[in-house]
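Chemist: Produce the entire structure from the sequences given, and follow the hints as far as they go.
Read off the chains here:
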Amino acid sequence: MICEAIPHSINPTRAERLQLRLAQAKRAFTTRHVDLATAERLVRSGRVPVAGDVVLARVTAIGQHARIENIHGRRGQLYVGDEIIVAYGNRYAPDQFEAFVPTDLEECDLVAGGGVASRMTRKHAGMKNPTKIEVIGLLAGESGQTINLKDFAVRADAQPLRPTRVIAVVGSSMNAGKTTTAGGLVHGLTRAGFRVGAAKITGTGSGGDLWTMRDAGAIEAIDFTDAGHASTFCVDSEGLADICTGLLDKLARSGADIAVVEIADGLLQPETAALVEMAQAQGWFDGFVFAAADAMGSAFGANWLAQRGIVPLALSGLVSASPLAAGEAARTCALPVATLAELRDPVAVTKIVFRQDMLVEEAA
Amino acid sequence: MVTTVPRVEFIASTAPEMPDCFVSIVGPDAPTMVAIHGISRNAAEIATRFSQHPAFAGVNVIAPLFDAARFGKYQQLRTLKEGQTASDVALFCLLDHLAAQHGINTGKVAVFGFSGGAQMAHRLAILRPSRIRAVCAAAAGWYLLPVLDLPYPYGLGQGCPAAWDRDATLRIPMTVIVGSRDTRVDESVRQDRLIVAHQGTNRLRRARIWTQVMRKHAAQCEDSESISLITLENGSHDFGQCARETELLNFVSAALHF
Chain A
41 MICEAIPHSI
51 NPTRAERLQL
61 RLAQAKRAFT
71 TRHVDLATAE
81 RLVRSGRVPV
91 AGDVVLARVT
101 AIGQHARIEN
111 IHGRRGQLYV
121 GDEIIVAYGN
131 RYAPDQFEAF
141 VPTDLEECDL
151 VAGGGVASRM
161 TRKHAGMKNP
171 TKIEVIGLLA
181 GESGQTINLK
191 DFAVRADAQP
201 LRPTRVIAVV
211 GSSMNAGKTT
221 TAGGLVHGLT
231 RAGFRVGAAK
241 ITGTGSGGDL
251 WTMRDAGAIE
261 AIDFTDAGHA
271 STFCVDSEGL
281 ADICTGLLDK
291 LARSGADIAV
301 VEIADGLLQP
311 ETAALVEMAQ
321 AQGWFDGFVF
331 AAADAMGSAF
341 GANWLAQRGI
351 VPLALSGLVS
361 ASPLAAGEAA
371 RTCALPVATL
381 AELRDPVAVT
391 KIVFRQDMLV
401 EEAA
Chain B
153 MVTTVPRVEF
163 IASTAPEMPD
173 CFVSIVGPDA
183 PTMVAIHGIS
193 RNAAEIATRF
203 SQHPAFAGVN
213 VIAPLFDAAR
223 FGKYQQLRTL
233 KEGQTASDVA
243 LFCLLDHLAA
253 QHGINTGKVA
263 VFGFSGGAQM
273 AHRLAILRPS
283 RIRAVCAAAA
293 GWYLLPVLDL
303 PYPYGLGQGC
313 PAAWDRDATL
323 RIPMTVIVGS
333 RDTRVDESVR
343 QDRLIVAHQG
353 TNRLRRARIW
363 TQVMRKHAAQ
373 CEDSESISLI
383 TLENGSHDFG
393 QCARETELLN
403 FVSAALHF
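The listed protein sequences correspond, in order, to chains A and B.
Residue numbering for the first sequence is 41 to 404, as defined by the numbering used here.
Residue numbering for the second sequence is 153 to 410, as defined by the numbering used here.
Incorrect hints may appear among the rest.
One-sided excerpt, in silico: chain B residues whose CB lies under 10 Å from chain A [said to hold, decoys possible]:
| # | residue |
| --- | --- |
| 1 | MET153 |
| 2 | VAL160 |
| 3 | GLU161 |
| 4 | PHE162 |
| 5 | ILE163 |
| 6 | ASP172 |
| 7 | ARG193 |
| 8 | ALA199 |
| 9 | ARG201 |
| 10 | GLN204 |
| 11 | ALA220 |
| 12 | ARG222 |
| 13 | TYR304 |
Since the hints were derived computationally from the structure, they do not count as laboratory data.
Note that the coordinates shown come from a computational prediction; the quantities given were computed from them, not determined experimentally.
No residue lacks a Cβ here, since even glycine has one placed at the ideal position from N, Cα and C.
Modeler: Take a look at the structure:
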C-alpha cells in the first residue's frame with residue numbers, strides 16, 4: 041500500500057481541509073474507482089441523494105455490519121464515531137436487508153459491508169439491525185456537482201466486443217452456490233489453458249466475489265461497481281444492458297478467451313429475470329450453468345429457463361454436493377449435474393462449457 | 153456485441169470406439185485439420201487457438217479428446233486394455249462420423265499434434281499414410297524409428313501394428329517443430345534405454361535424429377515430399393505459450409499447406 045503524506049499548510053483552504061478529512065476516513069470498496077482529488081466540498085443543503093452518490097458519513101451505532109471492506113479488500117473494524125466514505129445504493133438481499141436510497145440526507149443505514157448507504161425497510165429474521173450512519177455531506181466538485189460512481193465507470197466502446205465464449209451462472213436464490221460454481225468454472229478453464237475473465241453483473245458491491253475469481257485464476261475480475269453502481273437493485277433494463285455490455289467489452293479487451301459471469305440472487309429477483317431475458321434475446325451469453333440449493337429449486341429453475349428458451353449446460357451449486365439430491369435433480373430435469381470437482385477439472389469443465397447450444401426449439 | 157471467430161463445440165462420443173471431440177466446422181468445402189492433444193488432454197484449448205487464428209479461418213478443425221480410460225496409450229496407437237479400440241481406428245471412426253454428420257471431407261486430412269499428440273501424428277504418417285495429407289509434429293517426446301530391429305513402439309519390429317509402406321509415408325509432407333527452450337529433461341521426457349541409445353536424451357536432439365533418418369529414406373524415394381525441422385524461437389513445452397508467444401500457428405499453417 042502506498043501512503044502519501046498529506047501536505048499541511050497554514051490556513052488551509054476548504055478543499056485542502058476536505059482532502060485531509062477524506063484521507064483519514066475509512067474508504068469503502070464501492071468507492072475504490074473514485075478520484076477523491078476531484079472532491080472540493082461537501083454539500084447538503086437542498087440535495088436529494090441518488091444511487092451512486094458518494095457520501096462522507098459518521099458511524100453512530102454498530103449493528104449488523106461491524107466491519108467495512110476497504111478499497112484493498114480488507115475488512116476493517118468499525119467504531120462509533122468513525123468517518124467513512126461510502127456510496128448510496130439500494131439493496132435486495134433475502135438473507136439480509138431490503139433497503140432503498142432515502143429521499144433526504146438524514147440518518148440512514150450501512151446495509152452492506154462493501155460500503156452502501158441506504159435506508160433499511162425489511163430484514164431477515166436472523167439479522168441484527170443495520171449499522172447506523174449520520175450523513176456529513178455528499179462529496180462534490182468545485183462547481184457543486186455531486187460526485188457519483190458513474191463519473192468513474194468503465195463504458196463499452198462504440199463497437200463493443202465480447203469474449204469468444206460467455207458462460208452465465210444463475211441460481212435459485214442467494215447462497216445457492218453461484219459464486220462457488222463460477223469460481224470452479226474459472227479455475228477449471230484456467231487449468232485447461234484458457235485466459236478466463238470473470239464478471240459479476242448484478243448484486244451489491246463487495247470485493248469478496250471478485251477476490252474469489254482472482255484466486256481461482258481469472259486474468260481480470262470486475263463487477264457492476266466498475267460500471268458505476270454500488271448495487272443493481274432498481275437499475276432499469278437500459279442500465280443493466282450498459283453494465284453487461286460494458287463489462288464484457290472490458291473483459292474482451294483484457295484478452296479473455298472465455299468470460300464467466302455471475303448474476304446475483306435467484307431467477308425470481310426482478311433484475312435477474314430481466315437480465316436473463318434480455319441476454320437471451322440479444323445473444324450475449326453462449327451458455328448458462330444453473331446453481332441450485334436443492335433438487336426442487338433445480339426443477340423450478342430449469343423449467344423457468346426452458347420457458348424462456350434456455351436449457352442450461354449443467355446444474356451445479358449446493359445441490360451437487362449431495363449425491364442423492366443431485367440424482368433427484370438430474371432425473372427430474374434431464375440435465376447433467378456438475379460437481380465442484382468436475383468444474384475444477386480441466387477436461388471435464390471443457391466438456392460442459394463447450395457443449396453445443398441446447399436451446400429449446402420453442403419457448404413453452 | 154461483436155464476436156467474429158468461429159465457434160468451437162464439444163461433441164460427445166456416441167460409441168465406445170469413438171472419442172469425444174471439439175470441433176470448429178466452417179463448411180463442407182473447407183479443408184480439414186485434425187489437431188491432437190498431449191497428455192494434458194487440452195483438446196478444447198487446441199481447437200480454440202486454431203479456430204481463432206486467421207490462417208485457419210477457412211479450415212475445419214477437429215480436436216479429438218482421447219480420454220485416459222478408453223485410449224490410455226493413444227500416442228502409440230495401442231490400447232491399455234484388451235477389447236479397447238486403438239486410437240488410429242478410433243480417429244478414423246470419428247472422421248467418418250463427422251463426414252456423415254456435417255458433410256465435410258475427411259478422406260485425407262492434415263494432422264497436427266503437440267507433445268503426445270505429435271507422437272500420434274507422426275505414427276499415423278508412418279503406419280496409416282493412406283488417410284494423411286500432411287503432418288506437423290510439434291514437441292514430440294520421442295519418435296517411432298523406421299527400423300525393423302527395434303520392437304514397436306520404438307521401431308517397426310516385433311509388435312508393430314502394420315507393415316510400413318515407405319513410399320506412401322514419404323509422399324506426405326512432414327514438418328517437425330521443437331521449441332528452442334524445450335530441451336529440459338524432466339520426468340515427462342522418457343529415458344528408456346532404447347530411446348536414449350537411438351534418439352538421445354532431449355526433445356530437440358531426438359527431433360534432429362528422426363528427421364535425419366527420415367531424410368535418408370526420402371533420398372531413396374523418387375517422389376518424396378519434404379521433411380522439415382523447425383526450431384521454434386522462444387518456444388517451451390507448453391502449447392498455450394507457443395500459440396500465444398511464438399510463430400507456432402503460422403508455421404503449422406505453412407506446414408499443412410493452408
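Chemist: So, for every hint listed, does it hold in this structure?
Modeler: Each hint tested on the structure:
1. MET153: 4 Å, holds
2. VAL160: Holds - the Cβ of VAL160 (chain B) comes within 10 Å of chain A, reaching about 6 Å at its closest.
3. GLU161: For GLU161 (chain B), the interface hint holds, since the closest Cβ of chain A sits about 5 Å away, which is under 10 Å.
4. PHE162: 4 Å, holds
5. ILE163: Hint holds; ILE163 (chain B) Cβ to chain A Cβ min 7 Å, cut 10 Å.
6. ASP172: 7 Å, holds
7. ARG193: Holds: closest Cβ of chain A sits about 5 Å from ARG193 (chain B), inside 10 Å.
8. ALA199: With Cβ-Cβ at 8 Å, under 10 Å, it holds.
9. ARG201: For ARG201 (chain B), the interface hint holds, since the closest Cβ of chain A sits about 8 Å away, which is under 10 Å.
10. GLN204: Hint holds; GLN204 (chain B) Cβ to chain A Cβ min 7 Å, cut 10 Å.
11. ALA220: Since chain A brings a Cβ to about 9 Å from ALA220 (chain B), closer than 10 Å, the hint holds.
12. ARG222: ARG222 (chain B) check fails; min Cβ-Cβ to chain A is 13 Å, beyond 10 Å.
13. TYR304: 28 Å, violated
When the structure is compared with the earlier hints, violations turn up for hints 12 and 13 and for no others.
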